[in-house]
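All chains should be modelled from the sequences, with the hints used to inform the complete structure.
Chains as they are written, first to last, in this note's numbering: chain A, 1 to 264; chain B, 1 to 264; chain C, 1 to 264; chain D, 1 to 264; chain E, 1 to 264.
Any given hint might turn out to be false.
Given that identical chains are not distinguished, each listed pair holds provided it fits within a single copy or across any two copies.
Dumping the calculated EDC-like pairs for lysine to aspartate or glutamate here, alpha-carbon to alpha-carbon at most 20 angstroms [to be verified]:
{"#": "1", "residue 1": "76", "residue 2": "219"}
{"#": "2", "residue 1": "76", "residue 2": "222"}
{"#": "3", "residue 1": "132", "residue 2": "222"}
{"#": "4", "residue 1": "200", "residue 2": "222"}
{"#": "5", "residue 1": "220", "residue 2": "53"}
{"#": "6", "residue 1": "145", "residue 2": "185"}
{"#": "7", "residue 1": "133", "residue 2": "222"}
{"#": "8", "residue 1": "133", "residue 2": "223"}
{"#": "9", "residue 1": "235", "residue 2": "170"}
{"#": "10", "residue 1": "31", "residue 2": "260"}
{"#": "11", "residue 1": "167", "residue 2": "232"}
{"#": "12", "residue 1": "157", "residue 2": "28"}
{"#": "13", "residue 1": "157", "residue 2": "223"}
{"#": "14", "residue 1": "149", "residue 2": "28"}
{"#": "15", "residue 1": "145", "residue 2": "65"}
{"#": "16", "residue 1": "220", "residue 2": "209"}
{"#": "17", "residue 1": "220", "residue 2": "35"}
{"#": "18", "residue 1": "31", "residue 2": "222"}
{"#": "19", "residue 1": "198", "residue 2": "147"}
{"#": "20", "residue 1": "132", "residue 2": "223"}
{"#": "21", "residue 1": "132", "residue 2": "232"}
{"#": "22", "residue 1": "200", "residue 2": "153"}
{"#": "23", "residue 1": "145", "residue 2": "71"}
Read the hints as simulated data drawn from the structure, not as lab findings.
All values derive from a computational prediction rather than experimental measurement.
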Amino acid sequence: MKVWTVVKTVLMVVLLIAGTAWPARAADRDKLLTEPGVYGTFAAFQMDHDWWDLTGEARVIAVSEVKGLIEQLSNKVVIESYLLRGLSDHADFMFRVHARALADTQQFLTSLLGTRFGRHLVATSYLHGLTKKAAYVPGFPDQMKMDLKAPSEAGTKSYAIVIPIRKDADWWALDQNTRLALMQEHTQAALPYLNAVKRKLYHSSGLDDFDFITYFETEKLDEFHGLIRALEQVKEYRHNRRFGHPTLVGTVRPLDEILELFAR
Amino acid sequence: MKVWTVVKTVLMVVLLIAGTAWPARAADRDKLLTEPGVYGTFAAFQMDHDWWDLTGEARVIAVSEVKGLIEQLSNKVVIESYLLRGLSDHADFMFRVHARALADTQQFLTSLLGTRFGRHLVATSYLHGLTKKAAYVPGFPDQMKMDLKAPSEAGTKSYAIVIPIRKDADWWALDQNTRLALMQEHTQAALPYLNAVKRKLYHSSGLDDFDFITYFETEKLDEFHGLIRALEQVKEYRHNRRFGHPTLVGTVRPLDEILELFAR
Amino acid sequence: MKVWTVVKTVLMVVLLIAGTAWPARAADRDKLLTEPGVYGTFAAFQMDHDWWDLTGEARVIAVSEVKGLIEQLSNKVVIESYLLRGLSDHADFMFRVHARALADTQQFLTSLLGTRFGRHLVATSYLHGLTKKAAYVPGFPDQMKMDLKAPSEAGTKSYAIVIPIRKDADWWALDQNTRLALMQEHTQAALPYLNAVKRKLYHSSGLDDFDFITYFETEKLDEFHGLIRALEQVKEYRHNRRFGHPTLVGTVRPLDEILELFAR
Amino acid sequence: MKVWTVVKTVLMVVLLIAGTAWPARAADRDKLLTEPGVYGTFAAFQMDHDWWDLTGEARVIAVSEVKGLIEQLSNKVVIESYLLRGLSDHADFMFRVHARALADTQQFLTSLLGTRFGRHLVATSYLHGLTKKAAYVPGFPDQMKMDLKAPSEAGTKSYAIVIPIRKDADWWALDQNTRLALMQEHTQAALPYLNAVKRKLYHSSGLDDFDFITYFETEKLDEFHGLIRALEQVKEYRHNRRFGHPTLVGTVRPLDEILELFAR
Amino acid sequence: MKVWTVVKTVLMVVLLIAGTAWPARAADRDKLLTEPGVYGTFAAFQMDHDWWDLTGEARVIAVSEVKGLIEQLSNKVVIESYLLRGLSDHADFMFRVHARALADTQQFLTSLLGTRFGRHLVATSYLHGLTKKAAYVPGFPDQMKMDLKAPSEAGTKSYAIVIPIRKDADWWALDQNTRLALMQEHTQAALPYLNAVKRKLYHSSGLDDFDFITYFETEKLDEFHGLIRALEQVKEYRHNRRFGHPTLVGTVRPLDEILELFAR
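Put into structure tokens, the structure is as follows:
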């Protein structure tokens with residue numbers, strides 16, 4: 001037992017040191033997170049119960065393998081991690097992976113699943129989307145454009161929420177101008193909340209069973225709830241054939257913290 | 001076998017003593033349970049079948065770990081426990097967790113799942129909601145406001161029922177006055193039952209796949225059934241796109257009693 | 001192997017003797033099965049595959065534990081048993097439990113699940129309902145009332161079918177007189193079949209995801225099928241938002257016979 | 001390994017000899033397969049993964065137990081077998097069981113599940129129906145009646161398809177004459193395909209979650225596909241609330257062949 | 001450990017050599033992939049977690065068995081393989097199998113599932129379709145016919161997407177001319193994307209729960225996404241009762257590469 005404690009400590013130190021090398025080079029990373037034409041994948045996983053039958057040492061080794069893997073692929077994919085455990089049923093954690101090619105995302109996730117750690121993972125839901133230039137903003141009034149450009153509050157955004165959406169056929173049958181008017185009303189309703197809630201939109205028609213993935217980050221969940229309530233009250237909401245299912249709720253966490261939960 | 005019986009008895013005594021320290025300080029607890037702006041999480045769990053392959057001693061130790069955990073976090077979260085086993089399929093027990101921040105709830109549930117006990121739990125459904133000031137009551141007639149203030153019958157309320165609700169898009173598209181009128185009719189229908197049935201409402205749009213979580217406590221299940229029947233007959237009911245699924249039914253139980261079921 | 005055969009025989013004899021003591025006192029039992037204000041629970045279970053890894057002896061002991069339990073609680077709950085295996089997928093057997101309080105039903109089912117036998121059970125569906133005085137019969141013509149009072153054919157009723165129903169919002173929005181007229185047409189269509197098919201209605205709004213549980217017993221399944229076909233053709237049928245899902249089909253069987261299947 | 005090979009061969013020979021005794025007496029069998037008032041059950045099963053952990057010898061013994069069972073019950077039930085593996089997901093094989101009483105079908109399936117072979121089976125779907133005299137044919141024009149009487153092509157029919165159907169409430173609300181007209185149009189569309197596709201209809205309202213089970217046998221799957229396409233284009237198709245879910249596709253196979261797959 | 005490494009290497013070499021013999025004779029293969037009257041099956045599988053408990057050597061042997069099997073059946077079926085892992089949840093890889101008879105496909109898949117490798121597979125979804133002559137193209141304007149004949153861009157098409165579709169009853173009730181007009185609008189919208197996206201259509205009414213399987217190959221996923229968005233905006237899209245569920249996304253991969261993932 002004592003030997004094991006020492007081993008664990010040593011391995012944990014190794015893990016933490018390795019951790020500092022993780023993020024992709026800053027410039028690339030920024031581009032992947034902000035430019036259009038980038039693929040975003042939300043991959044939620046659950047740990048199976050057999051994992052806990054491994055010895056603590058085996059778990060630590062398995063976890064360190066994941067760290068190595070992520071470091072190795074960090075020049076191709078930007079990986080952000082979220083703890084879903086305790087907030088979303090049927091999922092323990094989630095990765096948001098940004099890449100220029102979905103094949104790179106697949107390489108990362110396939111490698112992950114091939115590790116000793118990954119063999120105990122169940123992929124509960126994968127959502128894929130593509131970032132694109134804003135479709136309606138160019139047609140908005142100037143004041144609204146300016147309001148949308150205002151940066152959200154500085155500081156930590158602890159919570160992340162993912163809500164995929166499928167629109168009904170009526171929505172897609174509307175002409176661009178009608179949709180523009182509806183999206184302007186939608187945006188007007190959202191404006192008061194944008195200071196507290198960061199949003200990002202992914203287009204997913206054909207890439208999964210949804211048309212959009214909406215991603216939110218906030219420190220103030222009540223403001224986020226207020227935003228969704230406001231959006232439910234505009235006419236565009238009638239065109240959501242499916243909204244959520246799943247709704248994924250979690251907290252933004254460094255990978256080290258998440259892995260540590262499964263190592264100890 | 002005999003040694004084990006002794007060990008079990010001793011551990012049970014320890015458990016029961018520890019049990020007395022559980023509740024958060026009374027004042028904080030009351031605030032969390034009554035004020036707006038508090039997050040309520042309903043977390044239902046099922047025990048996997050492997051749990052019963054542990055020795056009785058291992059189970060008792062695992063259970064006592066949970067007790068320690070809850071005590072430790074009792075200053076941040078108020079935890080109430082319910083036995084669902086035998087009343088709700090696919091779930092054995094449920095926690096209702098109140099906290100000022102959902103991150104505290106996550107910390108509790110993540111810690112729980114990390115215990116030897118928790119490793120055998122399957123999270124069957126998590127529902128999150130936010131308490132808010134009553135949206136329509138201020139517009140009700142004075143008599144109705146007074147009727148709503150009348151305290152419900154004193155005495156034990158053995159049963160607890162959780163029914164999550166998603167409204168249709170038409171509901172949210174109605175103006176505030178129309179919704180006020182519909183909610184007044186809804187409340188009028190509910191009034192005769194409020195003496196026997198305690199209600200609490202959580203707003204969950206964006207936090208899970210529902211818009212509301214309705215929570216009920218009663219000693220008289222037939223009165224509760226009468227309440228739901230009465231509510232089904234008002235116009236507002238037409239706007240429930242989803243009502244239940246799941247409907248969680250259980251009995252209010254001290255945590256000790258629930259854990260004891262899984263320890264013996 | 002021989003010793004085991006002897007043990008098995010002895011235990012089986014014990015089981016069969018114990019079996020005779022099972023039913024609650026006749027008078028109470030009759031009241032629970034006929035009076036309004038009684039809770040009826042339909043609890044369907046499936047045996048997991050690990051059960052069959054136990055030794056035959058262990059299975060017999062486990063089964064005898066169930067018998068003891070039921071005897072012990074027989075003054076509070078009336079338990080009827082059904083074999084679903086071979087007729088309903090995903091379920092092996094079902095209990096219909098009548099009790100004055102759902103807490104008593106929970107005590108029985110929780111105790112059952114806590115036995116060595118119960119640890120191998122998966123609760124596939126629980127349906128709860130309340131017996132109430134007939135809502136529409138008082139408004140029916142006298143002839144119909146008399147027809148409804150005619151006792152069904154004497155003799156065995158081997159088959160039991162459970163069909164839960166959720167009505168649509170339109171149904172509940174109808175006034176009592178309109179519903180009365182629709183239910184009169186419904187009853188008129190059912191009359192020719194009542195001689196062969198015994199029916200019992202439970203109200204479940206709020207107690208599970210349905211509004212009603214309809215329970216049928218018959219020796220002639222073709223007559224039962226004819227009854228359902230007849231009921232599908234009346235206007236009231238349009239108001240069934242969900243009809244079945246699950247439809248549980250089984251045969252009425254003494255508990256001994258069911259348990260014996262899992263003991264051998 | 002060698003000994004085992006010998007044992008396997010011997011057992012297989014026993015199996016094949018036993019196999020010849022299987023079918024019910026020809027006359028009874030024909031009646032059960034053609035007369036009205038007979039219950040047909042479609043029972044699809046999946047083998048669990050643990051099965052393959054048994055030794056080859058244990059598997060052969062288990063399989064031979066099934067053969068014995070079927071022989072024993074062959075005077076009460078007519079059992080046909082289908083290989084679904086490789087054509088239907090989540091199911092490996094299917095039995096079509098015809099019996100005068102569903103209790104006999106239950107006895108067979110319960111006995112099957114009680115064998116060493118059956119303990120590894122998961123019942124993925126059971127569908128029950130009743131054969132009845134044709135409801136609309138008597139009202140059809142004489143030419144159509146004659147066309148329907150023409151026997152289908154002789155020769156093997158390798159493929160079998162099961163499609164259960166639930167009609168909508170509107171269908172059942174139509175009067176008999178309107179339904180007759182719609183079914184005449186339906187039948188007219190089907191006629192060109194009846195030479196290549198054998199059909200059989202079971203009525204299942206109340207016996208499971210469907211109203212009908214449609215069963216097809218053909219050697220030419222493209223003709224069968226053509227038939228379904230033709231039926232989709234008639235007005236009666238609008239009244240199918242659920243069509244398939246599941247659609248079971250397989251090949252007609254002697255039981256020996258199916259069991260052999262799981263023995264080797 | 002060293003011996004094992006040698007064995008693994010040797011076996012891998014054997015695997016790779018064997019691999020060269022795999023494809024069916026080129027002419028037959030081309031016909032199966034292009035002619036009408038061919039059955040196409042999309043079979044997606046997931047590897048169970050027990051697979052990884054096998055020794056590495058056992059896994060390599062199991063994988064080589066699959067190679068042998070495919071070689072053996074290569075004169076009857078054309079098998080293409082796709083890696084879904086990391087892109088589709090609940091599935092690891094997919095086969096597209098073309099055959100003149102679905103019985104040949106069944107033989108292949110049944111044999112596959114009977115291998116040591118196959119015993120660890122879960123069949124997550126099977127979709128069957130039939131290739132047919134284009135139903136609407138003959139009625140299109142000449143220019144459109146010519147545009148459709150233009151070959152798509154040469155070069156690798158890394159990604160494959162499968163979207164099954166069920167049309168609503170209204171669609172099938174439209175007359176041929178109306179459907180022709182709608183399909184012409186549909187095709188017009190698709191034309192700009194056909195250079196980058198290869199399409200293939202399978203008719204599946206009756207063969208599974210869908211009416212069509214649409215299959216796409218592309219190197220440019222953003223173009224594919226653009227194609228689906230364009231198709232969502234035409235009137236024909238309103239007649240899709242179900243679109244996706246599942247949407248299968250993967251990359252085209254030689255079987256060797258896929259099997260190697262599960263061997264190492």
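Right, here's what the structure says about each hint:
When the C-alpha separation of residue 76 and residue 219 is checked against a cutoff of 20 angstroms, the pair qualifies only between copies, where the shortest distance is 18 angstroms, while the shortest distance within a copy is 29 angstroms. Proximity of residue 76 and residue 222 under a CA criterion of 20 angstroms is satisfied inter-copy only: 18 angstroms between copies versus 36 angstroms inside one chain copy. For a Cα distance limit of 20 angstroms, the shortest separation of residue 132 from residue 222 across copies, 10 angstroms, qualifies, whereas the shortest one inside one copy, 29 angstroms, does not. Taking CA atoms no more than 20 angstroms apart as the test, residue 200 paired with residue 222 passes in both settings, with 19 angstroms inside one copy and 18 angstroms between copies.
Taking the shortest alpha-carbon separations for residue 220 and residue 53, neither the intra-copy value of 38 angstroms nor the inter-copy value of 43 angstroms comes in at or below 20 angstroms. In this assembly of identical chains, the alpha carbons of residue 145 and residue 185 lie at most 20 angstroms apart only when taken from the same copy (13 angstroms versus 35 angstroms across copies). In this homomeric assembly, residue 133 and residue 222 come within 20 angstroms of each other (Cα to Cα) only across copies, at 13 angstroms, whereas the closest approach inside a single copy is 29 angstroms. Within a single copy, residue 133 and residue 223 get their C-alpha atoms only as close as 26 angstroms, which misses the 20 angstroms cut-off; across copies the closest is 15 angstroms, which meets it.
In this assembly of identical chains, the alpha carbons of residue 235 and residue 170 lie at most 20 angstroms apart whether taken from the same copy (12 angstroms) or from different copies (9 angstroms). In the homo-oligomer, the alpha carbons of residue 31 and residue 260 never lie at most 20 angstroms apart, since the shortest distance is 29 angstroms inside one protomer and 34 angstroms across protomers. Taking CA atoms no more than 20 angstroms apart as the test, residue 167 paired with residue 232 passes in both settings, with 14 angstroms inside one copy and 10 angstroms between copies. Proximity of residue 157 to residue 28 under the C-alpha cut-off of 20 angstroms is found in neither arrangement, the shortest distances being 22 angstroms within a copy and 26 angstroms between copies.
Taking the shortest alpha-carbon separations for residue 157 and residue 223, only the intra-copy value of 12 angstroms comes in at or below 20 angstroms, while the best inter-copy value is 34 angstroms. For a Cα distance limit of 20 angstroms, the shortest separation of residue 149 from residue 28 qualifies neither inside one copy, at 22 angstroms, nor across copies, at 41 angstroms. Taking the shortest alpha-carbon separations for residue 145 and residue 65, neither the intra-copy value of 46 angstroms nor the inter-copy value of 55 angstroms comes in at or below 20 angstroms. Taking CA atoms no more than 20 angstroms apart as the test, residue 220 paired with residue 209 passes between copies only; the shortest distance there is 19 angstroms, against 30 angstroms inside one copy.
With identical chains, the CA atoms of residue 220 and residue 35 are at most 20 angstroms apart between copies only, with a shortest distance of 17 angstroms across copies and 26 angstroms within one. Taking CA atoms no more than 20 angstroms apart as the test, residue 31 paired with residue 222 passes between copies only; the shortest distance there is 18 angstroms, against 31 angstroms inside one copy. For the homomeric pair residue 198 and residue 147, the shortest alpha-carbon distance inside one copy (13 angstroms) is at most 20 angstroms, but the shortest distance between copies (42 angstroms) is not. For the identical chains of this complex, residue 132 and residue 223 are inter-copy neighbours only, at 12 angstroms across copies versus 26 angstroms inside a copy, given an alpha-carbon limit of 20 angstroms.
In this homomeric assembly, residue 132 and residue 232 come within 20 angstroms of each other (Cα to Cα) only across copies, at 17 angstroms, whereas the closest approach inside a single copy is 24 angstroms. In this homomeric assembly, residue 200 and residue 153 come within 20 angstroms of each other (Cα to Cα) only inside a single copy, at 15 angstroms, whereas the closest approach across copies is 33 angstroms. For a Cα distance limit of 20 angstroms, the shortest separation of residue 145 from residue 71 qualifies neither inside one copy, at 39 angstroms, nor across copies, at 51 angstroms.
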